Amino acid sequence: MRYLFRPPGTEGASLLGLPWHQPLEEWDPELLITVPQRGISRHVVRFVASQGRVFALKEISEHLARHEYALLGAFEEEGLPSVSVLGICVDRPQGQDAILVTRYLEYSMSYRYLFSRPSARQSVDQLMDTLAVLLVRLHLAGVFWGDCSLSNTLFRLDAGALAAYLVDAETVERHPSLSRGQRHYDLDLARERVGAELLDLQFGELLPHGVDPIEVADSLPPRYASLWDEVTHEEVFQADEQRYRVAERLQRLNDLGFDVGEVELVTSDEGARLRVQTRVSSPGQHRRELFRLTGLEVQENQARRLLNDLRAYRAYLEQKAGAPVSEAAAGASWLTEVYQPVIDTIPPDLVGRLEPAEVFHEVLEHRWFLSEQAGRDVGTTAAARSYVRNVLPSTPAELTTPSVIVNRS
Amino acid sequence: MASIEMKNIVKQYGDGYPAVNDVSLDIADGEFMILVGPSGCGKSTLLRMIVGLEDITSGDMIIGGKRVNDLAPRDRNLSMVFQNYALYPHMTVYENIAFPLRLSKTPDDEVRRRVTEASDVLELKEHLERKPANLSGGQRQRVAMGRAIVRQAEAFLFDEPLSNLDAKLRGQMRTEISRLQRRLGITTVYVTHDQTEAMTLGDRVCVLRKGKIQQVASPRELYEQPVNLFVAGFIGSPPMNFLPATLEGDSLSTPFGPIRLDERRVAAVRGRDLLMVGIRPEYFEDASLVDEAKMPLGSTFRARVDVTEWLGDSQYAYIPYEAPEAITAQLRDLSRELDAEEIRTQAIVSIDATSRIREGREAEFWLDSRKVHVFDPQTGDNLTRDAEAGARLTQMAEEDRVEQVEHAQNSGQTVSGQGTGGGGGGAHGAHRAGAA
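The listed protein sequences derive, respectively, from chains A and B. All residue numbers for the first sequence refer to this note's numbering, where the first residue is 1 and numbers rise by one. All residue numbers for the second sequence refer to this note's numbering, where the first residue is 1001 and numbers rise by one.
Hints in this document: simulated from the structure, not taken from any laboratory. A hint or two may mislead.
What the hints assert, rightly or not - Dumping the calculated EDC-like pairs for lysine to aspartate or glutamate here, alpha-carbon to alpha-carbon at most 16 angstroms: (1) B:1212 x B:1026; (2) B:1210 x B:1337; (3) B:1105 x A:205; (4) B:1105 x A:215; (5) B:1007 x B:1055; (6) B:1007 x B:1026; (7) B:1212 x B:1368; (8) B:1131 x A:205; (9) B:1007 x B:1060; (10) B:1294 x B:1368; (11) B:1105 x A:218; (12) A:320 x A:337.
As the list claims (entries may be wrong) - Which chain B residues face chain A? A few, computed with CB under 7 angstroms, are given here: (13) 1053; (14) 1057; (15) 1073; (16) 1074; (17) 1088; (18) 1091; (19) 1103; (20) 1107; (21) 1303.
Every value quoted in this text rests on a predicted model; they were computed, and no experiment measured them. Glycine included, each C-beta is placed from N, C-alpha and C at the ideal position.
The whole structure should be built from the sequences, with the hints applied where relevant.
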C-alpha cells in the first residue's frame, strides 16, 4: 500500500495504524465515530478520530482519489472554500479502491439539518444565496464543479450568516477560465440537483411546509446571475463621478463577500470605464487582523464582530487609564478578560454545539436584546450567563461537532 | 431525435493550439457514433462543443438542421448520460426517474406516460414503487438512463461513462447502453479512449489524432482497411505487427521471409526503397496445423519463439525480429503516441491453442498474405488500402443498424415520444441524467 499525505505529517502518521488493507465497510465499529446529519453519497464514507481530530474517509477509484487530492490541495492554497484534504491511500490489496482522507469541517452542518430546523423557512433564502456565492467564487477561479448540489456542500454559521464549503471535488475540472456555456451548464446541474434533493426531503417529510422545492431550485439561477453580474460587470460613468463610484463599487463587492484584487480604470473623453478583478479567495482581512491580535482563528464575519468588540474594549481601557493603550496590549487583555470568560461559561455538556466564536457573537446579540428590554446595558457577563441558561440549550444536541464528542470520551 | 452535422469545426485555445482542427463529421439521425483516440486527440473537446460547454472558434455545429453555435447548453436539448448520478433515498424509483419532469412542471399524466414507457424499455417496471436502496449496480445505472429518456432529448451524449466502473459492471453497462440505443433508436455520441469499447459499441467510429479526423468508418472497416499506420496500430488488441520490407519482384522481402503480393498491391507500393508491412496477429498460424488447401494462400517461414502465452482458448507466440533504425524510430513514435508500452521489435502472433510450439525453439509458421497491408514508413499512409472493400463493410454495418432499429421498433420496445423530433420536448436542456 502507498500513502500520500500533506504536511503537517503528524496527522497522517497518526492514522497509519488503521486497517487500510480492509474494505471500509468491514472496519471495526470501535475504530469509527458516528457523524449525524450527513448528505447523500455514492461512495462508502466513514469517520475516524485521531489525537482529538476527526477525519472523513471515502473509498473511490485511484484515478478519482488522486484527482481530488490534487484539486483540494490547490483549493486550500488558493483560499477557496473547500474541505481540507489530508491524503490518500492507494495500492490497497485485492485491487481495492483508494481511500481519500479529508479533515472533518468542524461545526459544519448539512442541508438536511438546515432544512429540518424550525427556522428553516427563513434560512432557505440565506442558503440559496450562500450557494450562489460559492458557485460564483468557484467559477471566477475557473472551477467547473460538475456536481454542485446541497449534498456536496457543507455550511457553517458565520456570525449569524452562512458560509458554504465545497466538499466533493470528484467531478471538478480546472480551466484557466470558464466559458459561458460551462458556467450555465454547471448552474443547470446545480438547479436540478438542489431541486431533486429538496423533493427527496419532501418525500421523506423532512421539509417544512411552505417550502416549495421547485421554487427554491428555480431561484438559484437568478441569484447566481445577478451576483455574477455584480461581480464582473464593467461600469462606465462620467469622470467627475469617479471617486465615489469606485468606492461605491468596492464597498458593494465587500458587502457581497468578495475582496477586490485589482481595479482597472480607463478614462477617455466619454468618461471612465471601471473594471474590477475580484479575488477568488474568501475575504480574510478581518480574520488575519484578529489572528494577529489574539491568535484566534475564526471566520470572516465572526472576526469582524469580535474586532468591533475588541475596539470598543480598547477605547474603554484607554478611557479608564486616561492614556493610550497599544493594540497588542488591548488584544491580549480582551482575550483573557472578555472573550475567554464568556467561552468558559459554557457548561461542559453544551460545549461543541456552536463554534466558540459563534457563541460569542450570539452572546453579543443576546446582550443587545436584554439591554433593550432592560433599558440599560446589562453587560457581557450577565448576558453570557443568561444565554447559556436560556438560549444555547435549545440548540440541538446532534449539532455537537464530532471532535468535541471524541475528546469528551 | 436529430442528426448532428459538424462543418469545418475548429477549437483554438488562447495559446493558439488547435485542440480540434477542421473537423467535418455527419452523424445520422439514430446513429451510434464513437469518438475515439489517445489522450489529447480532441475527442472530449469535440463532445463539449456539441453540448455547448466549449465555444467554437470557427465552423458550424448543426443539430437537427439548426445551427446551435450560439445556443446555451440547455437550449440544445441534449442529454449527457450518467457521468455521475445520485439516487434519492426517500423517493421511489418512479420519482427518481420522474423528477426532471417534476422540476419542469410537466403535467402528471404526461409524467406517468413517459416514466412508464421508459421503465418498460429499461425493464424497471417491477421496481417502480420501491425505494432505490436495494437496487443492483446495473439497475441503478438504468435509473440514471431513465432520467435521460424521459427528457426526450435530441441525442444522448456519453463522455467516458464507464471509466470509473469496475470491470464486471463495465461489461454489463456496455451491453445495456448498446441495447438501449437500439431500442430507442436515438442519436448517440460516445467518447472513449478504449478501442475495445469503440469497436463493440459503435455503428461508426471516428478515430481522432491531434485534433484531426483520421478515419470515420464501421469497426470492421477500421480493422480491415485502416487508412494509415496510426489507425492500424490503434485499432486491434493485441496490436497489428509492423515489419520492415522491401519490394523484390512481386514479393515483399521481410524478416519473416518473402510475402507475395497481388498485382494491385504491387502496383500500389512500387517505387519506394523501404516499406512497412502490417500483419494482424491472427493472420499467422502454426504451419503444422494449417489445412493443405489453405497453405498456398500464404507463405511459411521459420523463426525462433521467444515467449508463448497460453490462454486456454487461444495462444500467442512472441517472435523477435531485426529492423533498421528508420522503422524502429517510427514504431517508437507510434507507441508513444498511443500511450502504449515501448514497442519492442517482436511480432505477436496468434496460434491455435493446441499448438505445441514452445518457447526458445525454432518453429515453422504460416502467414496469410492476402490480408497484409503495406504502409509508407515516412507518411504512415496505407498504400494497399482497398477503399471500395472498406466502403462495402461500412455499408453492411449501416444496413444492420437499420434492420436492428426496425426490429426493435416493430417489437414495440421503443418510447413513442422519441421518434417525433422535439415534439413536447420543451426546454429540458442538456443535462446529465442525475445528481451525485
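Worksheet item: Taking 7 angstroms as the limit, does the beta-carbon of residue 1073 of chain B come near enough to a beta-carbon in chain A?
Response: Status holds, d = 4 angstroms.
Open item on the list: Does the closest beta carbon of chain A sit nearer than 7 angstroms to the beta carbon of residue 1053 of chain B?
Closed with: Hint on residue 1053 of chain B: holds, closest Cβ of chain A at ~5 angstroms, below 7 angstroms.
Q. Would the pair residue 320 of chain A and residue 337 of chain A pass a check requiring their Cα atoms to be no farther apart than 16 angstroms?
A. Within the cut-off at roughly 15 angstroms; holds.
Next item on the list: Take a quick look at whether residue 1105 of chain B and residue 205 of chain A sit within 16 angstroms of each other, Cα to Cα.
Entry: The given pair, whose Cα atoms are some 21 angstroms apart, is violated under the 16 angstroms limit.
* Hint consistency between residue 1105 of chain B and residue 218 of chain A [alpha-carbon to alpha-carbon, up to 16 angstroms] -> Satisfied, since the Cα-Cα distance of roughly 11 angstroms is no more than 16 angstroms.
Quiz item: Does the structure keep residue 1007 of chain B and residue 1060 of chain B at a Cα separation of 16 angstroms or less?
Solution: Answer holds: residue 1007 of chain B to residue 1060 of chain B is near 5 angstroms, not above 16 angstroms.
Next on the checklist: Is the interface hint satisfied for residue 1107 of chain B? The criterion is a beta-carbon contact with chain A at less than 7 angstroms.
Outcome noted: violated, 14 angstroms
Task: Given hint residue 1055 of chain B paired with residue 1007 of chain B - CA-CA distance at most 16 angstroms - done: holds, 15 angstroms
Pair hint outcome, residue 1105 of chain B versus residue 215 of chain A [Cα-Cα no greater than 16 angstroms]: Measuring from Cα to Cα gives roughly 11 angstroms; hence the hint holds.
request  = Given the hint that residue 1212 of chain B pairs with residue 1026 of chain B, test it: the Cα-Cα distance must not exceed 16 angstroms.
outcome  = holds, 15 angstroms
### Query
Quick one, is the residue 1091 of chain B hint okay against chain A at 7 angstroms, beta carbons?
holds, 5 angstroms
Holds or violated: the hint that residue 1057 of chain B contacts chain A, with Cβ atoms closer than 7 angstroms. violated, 12 angstroms
Against the hints set out earlier in the document, violations occur for numbers 3, 7, 14, 20 and 21.
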